[in-house]
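Undergrad: Sequence lines, in order, name chains Z and F.
The numbers in our numbering rise by one with no breaks, and the one at position 16 of the first sequence is 28.
The numbers in our numbering rise by one with no breaks, and the one at position 22 of the second sequence is 30.
Since the hints were derived computationally from the structure, they do not count as laboratory data.
Each hint should be verified, as a subset may be incorrect.
The calculated lysine-lysine pairs, modelled on DSS-like cross-linking and capped at a C-alpha distance of 30 Å, are [unchecked claim]:
id : chain 1 : residue 1 : chain 2 : residue 2
1  : F       : Lys76     : Z       : Lys67
2  : Z       : Lys78     : Z       : Lys67
3  : Z       : Lys32     : Z       : Lys67
4  : F       : Lys66     : F       : Lys117
5  : Z       : Lys76     : Z       : Lys32
6  : Z       : Lys26     : Z       : Lys78
7  : Z       : Lys53     : F       : Lys76
8  : F       : Lys76     : F       : Lys66
9  : Z       : Lys76     : Z       : Lys53
10 : Z       : Lys53     : F       : Lys117
11 : Z       : Lys53     : F       : Lys109
12 : F       : Lys66     : F       : Lys109
13 : F       : Lys117    : F       : Lys77
14 : Z       : Lys26     : F       : Lys66
15 : F       : Lys109    : Z       : Lys78
16 : Z       : Lys53     : Z       : Lys26
17 : Z       : Lys53     : Z       : Lys78
18 : F       : Lys77     : Z       : Lys32
19 : F       : Lys77     : F       : Lys66
20 : F       : Lys109    : Z       : Lys76
21 : Z       : Lys78     : Z       : Lys32
Here is how the chains run, residue by residue.
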Amino acid sequence: GAVVSQHPSWVICKSGTSVKIECRSLDFQATTMFWYRQFPKQSLMLMATSNEGSKATYEQGVEKDKFLINHASLTLSTLTVTSAHPEDSSFYICSATRDRGGGEQYFGPGTRLTVT
Amino acid sequence: AQSVTQLGSHVSVSEGALVLLRCNYSSSVPPYLFWYVQYPNQGLQLLLKYTSAATLVKGINGFEAEFKKSETSFHLTKPSAHMSDAAEYFCAVSADGGYQKVTFGIGTKLQVIP
């Protein structure tokens with residue numbers, strides 16, 4: 013149990029367009045989901061924390077108007093990269109914690125975004 | 009605030025040799041500590057976690073880690089490396105067991121030499 017999926021697994025878009033990435037908890041309810049960004053050969057940087065039904069909490073330095081996060085249900089969170097630019101190219105990973113599940117974050121497989 | 013320091017961004021071991029990946033933590037409260045593994049272009053998989061129940065934690069794939077409060081360390085070990093162990097390993101710390109913010113180290117890339 014505790015499987016998290018992401019869609020798409022990779023996406024290429026043109027500069028100036030918007031891209032939506034979905035994160036789903038397949039077999040559990042996720043009251044909290046996290047979005048991370050990983051640059052090549054670097055660690056994961058937390059971008060934001062989202063709780064179901066409330067606004068996401070963004071980490072310092074993350075543009076909330078550029079990276080729109082919606083956690084509309086207990087199994088789905090979306091990250092929309094608006095007006096994407098080449099510097100937004102990165103590996104985006106989501107994770108989720110299971111309600112009353114002991115604190116472990118379950119990670120999705122990641123989405124590779126390339127902005128041309 | 010919590011932080012982790014992983015010593016050695018690259019570690020090479022021979023197949024069958026001991027694997028030792030180092031992690032030191034800093035935390036103002038009793039920490040929860042994790043080791044994750046990441047294969048290329050994949051998400052993170054939890055290897056093991058420390059939650060104060062036992063100082064020696066056994067994880068998947070033959071890995072284990074020992075929590076040493078006096079040394080603020082949580083090193084990851086495996087007695088005998090396999091080729092399939094080649095991956096990136098991340099140490100992480102949380103103040104609340106991972107419900108909220110988890111802080112990751114920069115990662116250690118493990119290379120296994122045949």
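Undergrad: Can you confirm whether the C-alpha distance between lysine 76(Z) and lysine 32(Z) stays at or below 30 Å?
TA: Holds, at about 14 Å.
Undergrad: Starting from lysine 77(F), check that the Cα of lysine 66(F) is at most 30 Å away, please.
TA: Distance of about 17 Å is within 30 Å: holds.
Undergrad: Is the Cα-Cα distance between lysine 53(Z) and lysine 78(Z) 30 Å or less?
TA: Distance ~24 Å between lysine 53(Z) and lysine 78(Z) Cα, so the pair holds.
Undergrad: CA of lysine 26(Z) to CA of lysine 78(Z), is that 30 Å or under?
TA: With Cα atoms ~16 Å apart, lysine 26(Z) and lysine 78(Z) stay inside 30 Å; holds.
Undergrad: Next pair to validate is lysine 78(Z) with lysine 67(Z); report whether the Cα-Cα distance is within 30 Å.
TA: Roughly 15 Å separates the two Cα atoms, so the pair holds.
Undergrad: Hint check: lysine 78(Z) vs lysine 32(Z), CA-CA at most 30 Å. Holds or violated?
TA: holds (12 Å)
Undergrad: Lysine 109(F) and lysine 78(Z) were given as a pair; does the straight-line alpha-carbon distance stay at or below 30 Å?
TA: Holds - the C-alpha atoms of lysine 78(Z) and lysine 109(F) are around 21 Å apart, at most 30 Å.
Undergrad: So if I understand the rule, the pair passes when the alpha-carbon distance is 30 Å or less; does lysine 77(F) with lysine 32(Z) pass?
TA: violated (43 Å)
Undergrad: Under the criterion that the straight-line Cα-Cα distance not exceed 30 Å, is the pair lysine 76(F), lysine 67(Z) satisfied?
TA: Not satisfied, since the Cα-Cα distance of roughly 38 Å exceeds 30 Å.
Undergrad: Within a Cα-Cα threshold of 30 Å, do lysine 109(F) and lysine 76(Z) meet the stated pairing?
TA: With a Cα-Cα distance of about 18 Å, the restraint between lysine 109(F) and lysine 76(Z) holds, given a limit of 30 Å.
Undergrad: Is the hinted pair lysine 117(F) and lysine 77(F) satisfied, with a Cα-Cα distance of at most 30 Å?
TA: holds (25 Å)
Undergrad: Within 30 Å, alpha carbon to alpha carbon, are lysine 32(Z) and lysine 67(Z)?
TA: holds (17 Å)
In terms of the numbered hints stated before, the structure departs from hints 1, 14, 18, listed from lowest to highest.
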